[in-house]
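There are 2 protein chains.
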Amino acid sequence: MAQVRNKQVFLKNYVTGFPKESDMEIVEDSITLKVPEGSGDVVLLKNLYLSCDPFMRILMTEDTPLYVGLVYSPGSPLLGFGVSKVLESGHQNYKKGDLVWGITKWEEYSLVPSAQINFKIEHTDVPLSYYTGILGMPGITAYGGFFELGCPKKGERVFVSAASGAVGQLVGQFAKLTDCYVVGSAGTQEKVDILKNKLGFDEAFNYKEESDLDAALKRHFPEGIDIYFENVGGKTLDAVLLNMRSNGRIPACGMISQYNLTQQEGVTNLAHIIYKEIRMEGFVVFKFYHLYPKFLEFVLPHIREGKIAYVEDIVEGLESGPEALIGLFSGQNLGKKIVAIARE
Amino acid sequence: MAQVRNKQVFLKNYVTGFPKESDMEIVEDSITLKVPEGSGDVVLLKNLYLSCDPFMRILMTEDTPLYVGLVYSPGSPLLGFGVSKVLESGHQNYKKGDLVWGITKWEEYSLVPSAQINFKIEHTDVPLSYYTGILGMPGITAYGGFFELGCPKKGERVFVSAASGAVGQLVGQFAKLTDCYVVGSAGTQEKVDILKNKLGFDEAFNYKEESDLDAALKRHFPEGIDIYFENVGGKTLDAVLLNMRSNGRIPACGMISQYNLTQQEGVTNLAHIIYKEIRMEGFVVFKFYHLYPKFLEFVLPHIREGKIAYVEDIVEGLESGPEALIGLFSGQNLGKKIVAIARE
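Chains as they are written, first to last, in UniProt numbering: chain L, 1 to 344; chain B, 1 to 344.
Chain L on its own, in the form it takes in the complex (with noise of 0.2 Å):
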């Protein structure tokens, strides 16, 4: 049988520090488009959307804690929340055709075990690369952590740092739609203005421009922080617990500032969690997956009405992936990144 090309994103060698270009390498194998026989539950995926997602970071350091049930090693592709189109099945779930997000590899076509496929694609009136975003991973990883581990309640001040990006954008909106007051963190003066200006936050602030983040904090809320929604960890964490408001929650989704140091940096005001008895409580997206028909419900219509915007920054080929991978370290990117690498 014929074999196509099929291009390759592999890890080369395990990150210290940041991350670069070199540490992963294009490779162009190919593959015979057919489900082994005998091979099982396994799903023939030509992939479509490749999600940039600051966890694959924690996955690229050698001897990482098991995370989100992935492990990478140098010299295979990496792996990562993608969009895809069934193009064989040996799971009775999915046949020729069908549309699913789930984990999928780096690569142009992937065989999968159909446990890896997290959810088929009902809807396609929207954006189909929101499936690794709005109406993906990220989608649920706001919702969960802001609705379940936040409990907000109207009225109440919420403070979302890497605000901009494909998760606190989604918090910031969820907030407003729950009549709570919010200001977001980012890292550029564009990003404040579309937290300010598209996405509907009260307030926004430039991180790197402010020399003491605690005044920042008491500028933006002097009446104190109710929720503090976590992507960013170290010192933004440490300002915003001297911050916190009683009974506050910290819903802690990630730590982006941390994964590129070898040194991790100190926290020293965590008595607060005590003085202010502050809940903080990390989470993984699959936690709240249970939740998805229900997110469903509710974002659809949002999106559908113009209530919820959300700002991708996708590129093209599988070849600028390694590119914009790091670049969500540096910030590079605006919004959602995404490596679109097939339309259809």
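To be clear, the hints were calculated from the coordinates, so they are not data collected in a lab.
None of the values given here were measured: they were computed from a predicted structure.
Hints are supplied without guarantee of correctness; some may be wrong.
Copies of the same chain look alike in the list, so a pair counts if it works inside one copy or between any two.
[Said to hold, decoys possible] Taking lysine-lysine pairs in the DSSO-like style, the calculated list, with each CA pair at most 27 Å apart, reads: (1) LYS198 - LYS307; (2) LYS287 - LYS154; (3) LYS153 - LYS287; (4) LYS198 - LYS208; (5) LYS96 - LYS12; (6) LYS153 - LYS96; (7) LYS95 - LYS34; (8) LYS85 - LYS46; (9) LYS153 - LYS95; (10) LYS120 - LYS198; (11) LYS218 - LYS85.
Keeping the supplied structure of chain L fixed, place chain B upon it in accordance with the hints.
Just chain B now, with coordinates in the frame of chain L:
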């Protein structure tokens, strides 16, 4: 009307670093044993037992965050938990001869607003001093923190720091009653022996003799920790985070290792809160006061049947107060530290 002597322990000045006896002062005042006319809901107390508690150090720092609703001022007596007898009452809920526990002042006789009385003492077949400990604030602290926030399940692995202290010794025994595996850390061999031989901990270790806390925890918890009852903070918390299991819980009760530091130690392993989906929750005992009747129903039979032990370290006389209190921070106390100033 005749006046009587009223010895008091004053805060002399706000404290920086480790507190010294000379930061406090014994003052001899006098008092008329009568509720002044028109003073409303005030109760006149004869103080019997005063409780030495780590949180008192927090209040000795100038501009400290408001904590447990109390404020210390130089030139005024310390405030703290204590067991007292009502001599006269301006409030209908209390009458002469009642035994009560709650917030009182470090002095022989106190006039306090009735709202500072926490509970009337109904059961006197157990030592009265217990109402500063197992039947008082530390008891509800251990009960609420462990059961409500720790959510223990049979067979889970529990680590308690400051394990022989007023709260820790109860958490360990509650964990054993729940059929958990429990290990405690303390600062002397004598305390370690008490944990293992008297209080029923499965294991215990002297943290001062462990050069590598991470290794010590891995030795005692090869499969990791489900619940860490946090009393100390700092380096211990940092090592614990490396050893938590998925979905672990950290009720955060205190961080005594940090209270005397002018520069708090940085905790570097917080990203594990995310990797392992840990819930860390700070609390102040008042959160659980509504559970006090239920707590008594649980704990009193265990005390009467000898199934729960409680180690007290009682010194005599108000003059011993300053030394007793500061001894908490160098681990001089063996169990719950109490200043007895009168027996009835």
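Status of the hints after comparison with the structure:
no. : hint            : in the structure
1   : LYS198 - LYS307 : within (11 Å within a copy, 63 Å between copies)
2   : LYS287 - LYS154 : both (25 Å within a copy, 23 Å between copies)
3   : LYS153 - LYS287 : both (22 Å within a copy, 20 Å between copies)
4   : LYS198 - LYS208 : within (21 Å within a copy, 55 Å between copies)
5   : LYS96 - LYS12   : neither (33 Å within a copy, 80 Å between copies)
6   : LYS153 - LYS96  : neither (45 Å within a copy, 45 Å between copies)
7   : LYS95 - LYS34   : within (13 Å within a copy, 87 Å between copies)
8   : LYS85 - LYS46   : within (5 Å within a copy, 79 Å between copies)
9   : LYS153 - LYS95  : neither (43 Å within a copy, 43 Å between copies)
10  : LYS120 - LYS198 : neither (30 Å within a copy, 58 Å between copies)
11  : LYS218 - LYS85  : neither (48 Å within a copy, 45 Å between copies)
The structure fails hints 5, 6, 9, 10 and 11 (numbered hints given earlier, in ascending order).
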